[in-house]
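Line by line, the protein sequences give chains A and B.
In terms of my numbering, the first sequence opens at residue 16 and continues consecutively.
In terms of my numbering, the second sequence opens at residue 618 and continues consecutively.
Quick caveat, the hints were computed from the structure, so don't treat them as lab data.
Nothing here was measured: the structure is a model prediction, and the numbers come from that model.
Positions of the beta carbon are idealized from the N, C-alpha and C atoms, including for glycine.
Some clues are possibly wrong.
Calculated pairs, EDC-like style, for lysine to aspartate or glutamate (alpha carbon to alpha carbon, straight line, at most 20 Å) [as the list claims (entries may be wrong)]:
(1) A:Lys24 x A:Glu94
(2) B:Lys714 x A:Glu74
(3) B:Lys714 x A:Glu94
Here are the in silico distance ranges between beta carbons for each label pair [to be verified]:
(4) A:Thr20 x B:Pro657: 18 to 24 Å
(5) A:Met56 x B:Ser696: 43 to 49 Å
(6) A:Met34 x B:Lys669: 38 to 44 Å
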Amino acid sequence: NAGVTQTPKFQVLKTGQSMTLQCAQDMNHNSMYWYRQDPGMGLRLIYYSASEGTTDKGEVPNGYNVSRLNKREFSLRLESAAPSQTSVYFCASRQTSGRGTGELFFGEGSRLTVL
Amino acid sequence: GNSVTQMEGPVTLSEEAFLTINCTYTATGYPSLFWYVQYPGEGLQLLLKATKADDKGSNKGFEATYRKETTSFHLEKGSVQVSDSAVYFCALSSGYKLSFGAGTTVTVRA
Numbered sequence: 016n017a018g019v020t021q022t023p024k025f026q027v028l029k030t031g032q033s034m035t036l037q038c039a040q041d042m043n044h045n046s047m048y049w050y051r052q053d054p055g056m057g058l059r060l061i062y063y064s065a066s067e068g069t070t071d072k073g074e075v076p077n078g079y080n081v082s083r084l085n086k087r088e089f090s091l092r093l094e095s096a097a098p099s100q101t102s103v104y105f106c107a108s109r110q111t112s113g114r115g116t117g118e119l120f121f122g123e124g125s126r127l128t129v130l
Numbered sequence: 618g619n620s621v622t623q624m625e626g627p628v629t630l631s632e633e634a635f636l637t638i639n640c641t642y643t644a645t646g647y648p649s650l651f652w653y654v655q656y657p658g659e660g661l662q663l664l665l666k667a668t669k670a671d672d673k674g675s676n677k678g679f680e681a682t683y684r685k686e687t688t689s690f691h692l693e694k695g696s697v698q699v700s701d702s703a704v705y706f707c708a709l710s711s712g713y714k715l716s717f718g719a720g721t722t723v724t725v726r727a
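Chain A extracted, bound-state conformation (with noise of 0.2 Å):
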């Protein structure tokens, strides 16, 4: 059982370079989320999918795009790298309703280096 699956998981990227992190479930969860992890910060969302075509923003959205492709994906693209970006970011997963009981499934990282 796969779970969540990340690709790629390790990125270096220069200064303005583009590129898309992806993301697919096989546990038929409705909700999907991208965290960054940075060392101190916990973890921040990004952006999260609550149900297949819907997205919001999270905590830090800015610099980022996201797509839901279908119920099992859910993409992050970073359209111009810049330094802060260098984290590691992580997929996430879970089946919720309103009240937010379900437990978040996450994937195993990918490391992300802008130069």
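Chain A is fixed; fit chain B onto it per the hints.
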């Protein structure tokens, strides 16, 4: 908005010591509360959760009780092992968003 504040680390303990990591939250309504753990080089995984006031979550010897009167969800373990060395995150969920604390790094020495 909703937020989580947890005890700053790092925390270093000897094996078999008692561990407490404090977590307090600010939220409207009745959020669900979680503790996640991240072992070195891995993603996060759920340790325990509580979805209503006075609920106690427990797993792998860890416990936390949802205290609405003090808006707290402190994590405790009576006797830690070297294998408990990890980063621990308190998290809050209200609706579709889930917010995390900054994380507490715990190192257990043999």
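Structure-based check of each hint:
1. For a cut-off of 20 Å, the pair hint linking lysine 24 of chain A to glutamate 94 of chain A stands: about 19 Å separates their Cα positions.
2. Taken as a hint, the lysine 714 of chain B and glutamate 74 of chain A pair is honoured in the structure, with Cα atoms around 10 Å apart against an allowance of 20 Å.
3. For the suggested pair lysine 714 of chain B and glutamate 94 of chain A, the alpha carbons sit about 25 Å apart, so the restraint of at most 20 Å is broken.
4. Checking the proposed 18 to 24 Å range against threonine 20 of chain A and proline 657 of chain B shows it holds: the Cβ atoms sit about 21 Å from each other.
5. Between methionine 56 of chain A and serine 696 of chain B, the C-beta spacing of about 31 Å breaks the proposed range 43 to 49 Å.
6. About 42 Å separates the C-beta atoms of methionine 34 of chain A and lysine 669 of chain B, a value consistent with the hinted range of 38 to 44 Å.
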